[in-house]
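Q: If you're matching them up, the sequences are chains V and Y in order. For the first sequence, my numbering assigns the number 203 to the initial residue and increments by one for each residue that follows. For the second sequence, my numbering assigns the number 20 to the initial residue and increments by one for each residue that follows.
Hints are computed from structural coordinates only; laboratory data are not their basis. Warning: the hint list may mix true and false statements.
To be verified - As a list, the in silico DMTMM-like pairs of lysine to aspartate or glutamate whose alpha-carbon atoms are at most 25 Å apart:
(1) Y:Lys78 to Y:Asp64
(2) Y:Lys83 to V:Asp291
(3) Y:Lys83 to V:Glu331
(4) V:Lys502 to V:Glu484
(5) V:Lys533 to Y:Asp59
(6) V:Lys581 to Y:Glu63
(7) V:Lys609 to Y:Glu56
(8) Y:Lys78 to V:Glu408
(9) V:Lys564 to Y:Asp67
(10) Y:Lys83 to V:Glu408
(11) V:Lys432 to Y:Asp66
(12) V:Lys604 to V:Asp321
(13) V:Lys639 to Y:Asp59
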Amino acid sequence: MGTETEFGISVSGHPHANPMVASTRLVNAYATATLKARRARWDFEEESPLRDARGFDMSRDVADPSQLTDEDLGLANVILTNGARLYVDHAHPEYSTPECTNPMDIVIWDKAGEQIALDATRFAAVPGEGDLVLYKNNTDNKGASYGAHENYLVRRSTPFGDIVRHLTPFFVSRQVVCGAGRVGLGQDGHGDGFQISQRADYFEVEVGLETTLKRPIINTRDEPHADPEKYRRLHVIIGDANLAETSTYLKVGTAALVLSMIEDRFITADLSVSRPVASLKEVSHDPGLTHLLEVGDGRKMTAVQLQWEYFHLAERYLEERRGGDVDPPTKDVMKRWESVLTRLERDPFECADELDWVAKLKLLNSYRDRDGLAWSDAKLHLIDLQYADLRPEKGLYHRLLKLGRMKRLVSDSVVEEAMHEPPEDTRAYFRGRCLSKYADNIAAASWDSVIFDLPGHESLQRVPTIDPLRGSRAHVGALLDEHDTALGLFEALTAR
Amino acid sequence: MAQEQKQPRKSHEEDEPTDAAPAPADAVTERKEQLDEDIDAILEDIDDVLETNAEDFVKSFIQKGGQ
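Based on the provided sequences and hints, a complete structural model is requested.
A: Okay, here's the thing in structure tokens:
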């Protein structure tokens with residue numbers, strides 16, 4: 203599994219700055235400041251027409267358009283030693299975590315991505331220019347939305363119809379656990395009020411291929427980055443960008459569990475929700491958690507109750523299919539899921555130190571009480587926006603964290619290490635270690651390959667990493683330790 | 020709300036011949052005051068970092084759509 207985050211970006215003091223230019227400046231600055239090798243991994247590294255000998259890049263904002271080549275814009279793209287990818291997608295900087303096998307690792311490498319993005323803003327600082335500021339949210343509240351995607355490896359043999367049938371009600375209801383909270387109703391935020399999800403109002407169809415318009419609850423993009431005979435990559439576009447660690451953890455942990463049940467054909471109950479697109483919004487617009495969904499078998503239930511249905515199915519699935527012999531990470535997901543649902547049902551505010559939307563709502567309500575603010579007040583919109591500011595001194599999530607108001611699942615030191623080191627149990631290990639150890643000999647890398655430029659070889663040598671679970675430390679750790687040169691490693695790999 | 024509940028209880032306690040009971044009501048009041056102080060402290064911390072001129076700031080946050 204893995205996540206992708208598109209950050210909101212602004213240039214302080216320059217509200218009309220070109221976001222693609224700003225995003226490119228950010229990614230290039232991180233590459234320049236952190237990558238050991240000077241050689242081209244992606245074109246932009248060698249071609250730096252705005253590189254200034256004084257040690258900083260000329261800001262793209264002030265450069266004459268003629269100084270910019272097409273390649274400078276929209277193509278900035280680096281693979282990091284932790285196996286992640288930092289790049290420009292559309293008009294946003296985006297970070298994709300390395301492939302992980304469990305939700306706690308997702309939290310760790312997702313948090314590492316926030317820190318990397320924050321460092322990038324500092325590296326991109328140019329004297330006399332506005333600072334780059336990043337927001338981990340999903341909307342500008344004026345009609346634009348940008349994503350926080352999840353990816354899950356799913357067995358190809360799983361019928362896609364089963365995924366649509368069983369995952370749609372799960373996605374309609376799971377926002378009560380992993381919504382990030384939003385002030386404003388409707389795509390342009392014109393309606394007054396608070397809603398649970400950042401993304402819900404931007405979804406218009408049930409199933410589809412598109413991601414930037416007519417967004418579907420279930421996205422059909424089929425680009426496995428793995429053996430297509432064996433796997434599909436389920437590309438989930440409906441989630442919110444989370445800052446609260448428990449929100450991120452349960453978002454991916456519970457989805458992975460439900461997907462396991464679907465793969466194993468365990469779900470037979472009809473939990474289909476009538477009018478899923480409308481229901482998604484109705485759940486989001488109901489922070490009191492009382493809205494009743496119409497479920498396929500004729501029952502009416504709240505989103506929390508529908509989540510309980512999935513929880514109890516998972517409980518039975520683990521008992522029947524795994525004989526109760528459940529791995530500790532799965533047990534932990536079940537324990538936290540149960541705890542959160544219990545409290546949401548009793549009083550949502552009991553989750554104020556763990557879930558983004560509840561933390562945000564509690565803060566907003568405190569301001570409304572103290573200052574007598576209406577939901578239309580700009581100050582409440584500001585609080586919503588500033589909650590997602592990545593800067594620890596300005597971001598309100600970070601202020602709450604600092605004040606001991608948000609629970610952590612991972613420590614700063616673990617996150618710090620994950621900024622540079624890959625997870626050990628997927629192919630990200632091979633990719634990341636190769637980049638840190640043989641940087642001079644890596645021409646390029648992607649999810650499913652590492653491309654070497656080796657002495658004595660005329661052409662580039664591509665090492666495929668088609669199986670996401672191979673290339674782990676157990677698999678190639680000793681080889682990587684053994685060989686001090688890329689050539690030695692390559693010869694050992696190809697001799698096998 | 021808390022006030023409404025506290026009043027009848029206190030008068031009831033006053034009727035009692037022993038004065039062993041007032042502690043819980045006081046404890047609740049104290050906890051509530053503690054909570055309010057806590058929230059006030061949080062809001063003060065956040066007041067300090069909130070961008071000035073909320074309206075302009077929010078208006079100028081304009082993004083292009085993404086995925």
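Q: Of the hints given before, which are not true for this structure?
A: Of the numbered hints, 5, 8, 11, 13 do not hold.
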